[in-house]
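**Student:** Take a look at the letters that make up each chain.
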Amino acid sequence: MVIKGRAWRFGADIDTDSIIPARYLNTSDPQELARHVMEDADPEFPKKVRPGDIIVADKNFGCGSSREHAPIAIKAAGIQAVVARSFARIFYRNAFNIGLPIFESAEGADGIREGDIIEIDADSGVIRNLTRGEEYRAEPIPPFMQELIETGGLIEWTRRRIQAAGRQ
Amino acid sequence: MTITEKILAEHAGRREVAPGELINARVDVVLANDITAPIAIKEFARIGAERVFDPDRVVLIPDHFAPQKDIKAAEQCKMLKEFSKAHHLGHYFEVGRMGIEHALLPEQGLVVPGDLVIGADSHTCTYGALGAFSTGVGSTDVAAAMATGECWFRVPESMRFIYYGTLRRWVGGKDLILHTIGDIGVDGALYRAMEFEGETIRSLPMHGRLTICNMAIEAGGKSGIIVPDAVTEAYVKGRARRGYRLYSSDPDAVYVDTREYDCSRIEPLVACPHLPSNVRPARELTHVSIDQVVIGSCTNGRLQDLRDAAEVIRGRKVHPDVRMIVIPATQQIYREAMKEGLFEVFIDAEAVVSTPTCGPCLGGHMGILAKGERAVATTNRNFVGRMGHPDSEVYLSNPAVAAASAVLGRIGLPEEIGR
Chain Z
0 MVIKGRAWRF GADIDTDSII PARYLNTSDP QELARHVMED ADPEFPKKVR
50 PGDIIVADKN FGCGSSREHA PIAIKAAGIQ AVVARSFARI FYRNAFNIGL
100 PIFESAEGAD GIREGDIIEI DADSGVIRNL TRGEEYRAEP IPPFMQELIE
150 TGGLIEWTRR RIQAAGRQ
Chain V
0 MTITEKILAE HAGRREVAPG ELINARVDVV LANDITAPIA IKEFARIGAE
50 RVFDPDRVVL IPDHFAPQKD IKAAEQCKML KEFSKAHHLG HYFEVGRMGI
100 EHALLPEQGL VVPGDLVIGA DSHTCTYGAL GAFSTGVGST DVAAAMATGE
150 CWFRVPESMR FIYYGTLRRW VGGKDLILHT IGDIGVDGAL YRAMEFEGET
200 IRSLPMHGRL TICNMAIEAG GKSGIIVPDA VTEAYVKGRA RRGYRLYSSD
250 PDAVYVDTRE YDCSRIEPLV ACPHLPSNVR PARELTHVSI DQVVIGSCTN
300 GRLQDLRDAA EVIRGRKVHP DVRMIVIPAT QQIYREAMKE GLFEVFIDAE
350 AVVSTPTCGP CLGGHMGILA KGERAVATTN RNFVGRMGHP DSEVYLSNPA
400 VAAASAVLGR IGLPEEIGR
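So the sequence lines, in the order shown, correspond to chains Z and V. The opening position of the first sequence corresponds to residue 0 in numbering that gives the first Met the number 0, with each subsequent residue numbered one higher. The opening position of the second sequence corresponds to residue 0 in numbering that gives the first Met the number 0, with each subsequent residue numbered one higher.
I should point out that these hints are in silico values taken from the structure, not numbers from a laboratory. Check before you lean on any hint, since a few could be wrong.
To be verified - The list that follows gives simulated cross-link-like pairs (lysine-lysine, DSS-like), each with its CA atoms no further than 27 Å apart: (1) Z:K46 x V:K71; (2) V:K370 x V:K71; (3) Z:K46 x V:K370; (4) V:K68 x V:K41; (5) Z:K47 x V:K370; (6) V:K236 x V:K5; (7) V:K41 x V:K71; (8) V:K84 x V:K68; (9) V:K71 x V:K84.
Stated by the list, open to error - Derived DEER-like restraints, expressed as beta-carbon distance ranges: (10) V:L21 x Z:V125: 21 to 27 Å; (11) Z:M0 x V:E266: 48 to 54 Å; (12) Z:R49 x V:I70: 28 to 34 Å; (13) V:R14 x Z:E149: 28 to 34 Å; (14) Z:T130 x V:D320: 50 to 56 Å.
Said to hold, decoys possible - Residues from chain V that keep clear of chain Z, each with C-beta distances beyond 12 Å, as calculated: (15) H178; (16) E335; (17) M337; (18) E339.
No residue lacks a Cβ here, since even glycine has one placed at the ideal position from N, Cα and C.
I would like the entire structure built from these sequences, with the hints used as guidance.
**Tutor:** Written as structure tokens, this is what we have:
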């Protein structure tokens, strides 16, 4: 899988309240959530972001609440992937569970600037910055997470397991 | 092995596990609330499971936007009720019986020592105070666990925190955990289990231990845990609805890091906007004027928290520029506080007492901040816009400091009003 898109830059410790403020959590409708994505980090972001864009952030992206609304809002806004120096653990789980590709890359967090066009090769873990002609390494995706992605997320993975158990 | 590794191994049906390993483990309790359960319920339907793995081990609590704050919130709460009826859940808590989930589960004996608990709420880590492994997950994880009774985990490395020394007056669990988060930062324990121990912890009552484990997530921790002792057993006896097992860490257990704190040097602390790690002594912040004080939440809404606040504010009035909102975390706490006369103290001081709800802690309802307003709250997060407008501010403190600040109209200490 190769993901290519324009980068939006964010700093460290972007919390889930910034990604999707709790005042919008009286719904779980993805499109409604997408209209407020990253609003408290950058009020203009929901208007500026375009389908296919990529978020690039520093350490501890998605810290705070367990709300799955955060990766859902990002995905529903058409954002293809998130690259960060590190991710908070619940956000990390949630992103894989719902099928939002995320990549840990310290080099990427250092090198990528806002507006850069980047290309992520999910299989090799190489991120190419087409604007600057640079290349960064991303942490390899653990085998189990790879399996989750290939199956189509945790729900499908669980569905198949239950079916297989039922057949025995 | 550490206590965390032992509990995970037992629930994975293994003799031992090591940090970094990926395991599939049996869960004792699966929890969700009115924000996270609706997504879990929709995803559960997609799995195609006919029933939940055990109706007595799936707990649904409408607490965040309940009592239902608007039509959309009411629709979400209704989903919990309907799902609970359809699947004959033994532990659905309607308004009137409900409380803030992480105060309610330990109080009602629904979580016991040795349990493995997951909840679609980041503060699920609270139950570590009982000697359980408990951690926050997302709605999809809860959906899968409701169907299978299992969840996948990466066994975390453990980080040890040793507390010694006698606590000063008006210093408690909240200050110990704020001090710790201030020391290691908001990702200082990322992916790790935080094990709290030492003479100060051993002499700390259960409410203080619950506060400490509650905020492990604020340091990025996967879980917080305290090895159970006589204090734990005294709390659990008479409450536990199931048998329990007391685990401890082996003398040769491996920790990736050990920190030691001399608690006799810790003074009342405040986490300033906009990160829980932005910690300073309260005495350095007496210039900060405030508009609101909130005493409540899963962090500090327990009976002793209300007692501390009442002791400080008794016979005094809330500053004319300030609104003070007291939110007992559960119906039982509400009743006990009422019986003890604490409500009279708060009402005499011109504070309000609310029904149990997470409410303002996450900017839901019951005390939202306007642009430019500032609050001192006994809650757990002070992120941008957490309690309302993106240009409002939240300062986190213990209940005694919050009550003193309500009287002073600024951040201040109980000593400043003669306490």
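**Student:** Against the structure shown, which of the earlier numbered hints fail to hold, in ascending order?
**Tutor:** none
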